[in-house]
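Undergrad: Spelled out, the chains give:
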Amino acid sequence: MSRKPCLRSERVRDDKHKAVICQMCGRLIGSPVCYEFLEDIREDIKAGYLNVVLQMESVEWVNSTGVGILASIYTSTKNQGGAVYVVSAPDRVESLLQTVQLWQFLNPCESIEAALQQAADG
Amino acid sequence: MVPEHITAADDSEIQKLRRAVEELSVLNDLARAIGTSYEPDQIIRIIAERAARAVQAEEVSVYLIAREVGASAETVIRVIRGDEQTPRYHLKQDLEGWMHHHKRPLLCNDPRTDEPLAKMDLDDSIESLLCVPLLIRAELTGLLLAFNKRGGGFGAEDQRLLTIIGAQSAQVLETARLVEEEKAAVAIREEIKLAERIQLELLPQGPPTIAGYDAAGVSIPAQKVGGDYFDFIELDEFRFGICLGDVSGKGLPASLLMANLQATLRGQALQDGPCRDCLAWCNRLLFRSTAPEKFATLFYSVLDTRLNAMTYCNAGHEQPLHFCGDEPPARLGTGGLMVGVLDDFAYQDDVCLLAPGDLVVIYSDGVTDMVDAAEQPFGEDRLIELITAHRELPAAALIAAIVAAVQDHAGDVPPLDDVTLVAIRRLP
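Protein sequences appear in the order of chains H and B.
Counting from 1, one number per residue, gives the positions in the first sequence under our numbering.
Counting from 1, one number per residue, gives the positions in the second sequence under our numbering.
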């Protein structure tokens, strides 16, 4: 069985909104790449980018470890007074996050601009 | 005194032959000595001792290089010299680096001026040095280092002899290393077997006896040990705690967390508080004892056989299915966030009334997420259809039918997650 590629991500820091914007693609699972992704985001949060915007439109799959990574990002932002904003999560991912009841904490948004606006509004 | 009929040329040949005999003697001695042991430390000590004697060095050290999968750089892990445990002379990283690059012997009788040692920060006490690589299929596995030739500098014959000793030793050390690795692997396998047995013993050993009800459960780990569990906890004559949990991750770490969660939940269940309080405590304890990315989804319910009511709290778990009459199944979703994510979370609970013949099926996502060769998941729709078709089977038989269908769906695709199911039916 061929394996789909693991997570690929690109992060951009937005000074104006104290936000880091992450374009995510692939599978958010328990692989080293995904843990590196988590560590990078934690570094961003420590550096003062308290709001994390996750563009998840191209995320194909999130497993239980991936849910843990999202939960960890959420607690890291919350502890620093920031928030997580999830943009365009696919239905399958949304359904999983609804099931584990994490969805209510992830501020779903339709676009990155809407997420940044929401972050600015506090 | 050389006899008159022996010329200088003959004398040179005799010296060469004598030297060759000595070399063979050294190698034979070495082969016999190391052939008696599979203990790497002992073998290394023998090699260092015999090599020091053969090239008349003050000290010979053997450096083995660790080969870790995924390591960006190899590191020296073991240094042993012949007659003492602690080497007097130390290899510098740059010499190891040079050997990695060149993989050939290095002889130097004036380390202060000769390249490449002149540029290296060597111990001042090193007067002369002879280093040969230990190679296995052209890969550097270690170094054999002779320090300070007694009565002068190292020569070409010393280099040749040490190179031969290095070549002989490399394969012997590799074999010893493999034996050592195999021993470690056997020890790990034994530990995993033990963990598997302990985990199996943590699960209910058979279906519970609940008056007026038929209940059963099963948990099949994807690996040797899993992160799922279920439990039936007898609270009193009429009430049973029934739970199913799924810890994030897989394998041994998940199983340890699972055992922790099970112990915590049992402790809280016996406090006899509402389900929501029970999970709130589990959440707090798990949050405080694990990393933020570690969590568990957990469904906990208390079945009261006098009221035929199941009070439940669902902490982010797949919503159990309640089959009542011919209606589509209701989902038991009230509860809150998975446990272990937030320090303080207010959970809610709800009550599900069970009429005669009603069936509740609690399952982990390993059931619905099991994929086939085309990566199509088994899915909730298929699960509901299957349960509907087998509604009248006893709980244990129903579970067996679901497991068989899920495994049939997967075919040869190895399971990615544990498969855990609990079924409770109120007898008609």
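Treat the hints as calculated values from the structure; they're not laboratory data.
Ideal placement from N, C-alpha and C gives every residue a C-beta, glycine not left out.
It cannot be assumed that every hint is accurate.
As the list claims (entries may be wrong) - Take a look, some chain H residues computed to stay more than 10 Å from chain B by CB distance:
no.	residue
1	Gly30
2	Ser64
3	Val67
4	Ile69
5	Gly82
6	Glu94
As the list claims (entries may be wrong) - Ranges of calculated distance between the beta carbons of each label pair, as one might list FRET restraints:
no.	chain 1	residue 1	chain 2	residue 2	range
7	B	Arg189	H	Gln104	53 to 59 Å
8	B	Glu182	H	Glu36	29 to 35 Å
9	B	Arg137	H	Arg8	41 to 47 Å
10	B	Ala346	H	Glu57	28 to 34 Å
11	B	Gly379	H	Glu10	30 to 36 Å
12	B	Gly97	H	Pro90	46 to 52 Å
13	H	Glu36	B	Gly155	34 to 40 Å
To be verified - The following residues of chain H were derived to be distant from chain B, with all beta-carbon distances above 12 Å:
no.	residue
14	Arg11
15	Asp14
16	His17
17	Gln23
18	Ala71
19	Pro90
20	Arg92
21	Ser95
22	Gln98
23	Leu102
24	Pro108
25	Ile112
26	Gln117
Undergrad: Each hint should be assessed against the structure and marked as holding or not.
TA: Okay, the hints, checked on the actual structure:
no.: 1; hint: Gly30; result: violated, 6 Å
no.: 2; hint: Ser64; result: violated, 5 Å
no.: 3; hint: Val67; result: violated, 7 Å
no.: 4; hint: Ile69; result: violated, 6 Å
no.: 5; hint: Gly82; result: holds, 15 Å
no.: 6; hint: Glu94; result: holds, 14 Å
no.: 7; hint: B:Arg189 with H:Gln104: 53 to 59 Å; result: violated, 43 Å
no.: 8; hint: B:Glu182 with H:Glu36: 29 to 35 Å; result: holds, 32 Å
no.: 9; hint: B:Arg137 with H:Arg8: 41 to 47 Å; result: violated, 35 Å
no.: 10; hint: B:Ala346 with H:Glu57: 28 to 34 Å; result: holds, 33 Å
no.: 11; hint: B:Gly379 with H:Glu10: 30 to 36 Å; result: holds, 33 Å
no.: 12; hint: B:Gly97 with H:Pro90: 46 to 52 Å; result: holds, 48 Å
no.: 13; hint: H:Glu36 with B:Gly155: 34 to 40 Å; result: violated, 52 Å
no.: 14; hint: Arg11; result: holds, 18 Å
no.: 15; hint: Asp14; result: holds, 24 Å
no.: 16; hint: His17; result: holds, 24 Å
no.: 17; hint: Gln23; result: holds, 21 Å
no.: 18; hint: Ala71; result: violated, 4 Å
no.: 19; hint: Pro90; result: holds, 14 Å
no.: 20; hint: Arg92; result: violated, 9 Å
no.: 21; hint: Ser95; result: violated, 10 Å
no.: 22; hint: Gln98; result: violated, 9 Å
no.: 23; hint: Leu102; result: violated, 6 Å
no.: 24; hint: Pro108; result: holds, 16 Å
no.: 25; hint: Ile112; result: holds, 25 Å
no.: 26; hint: Gln117; result: holds, 26 Å
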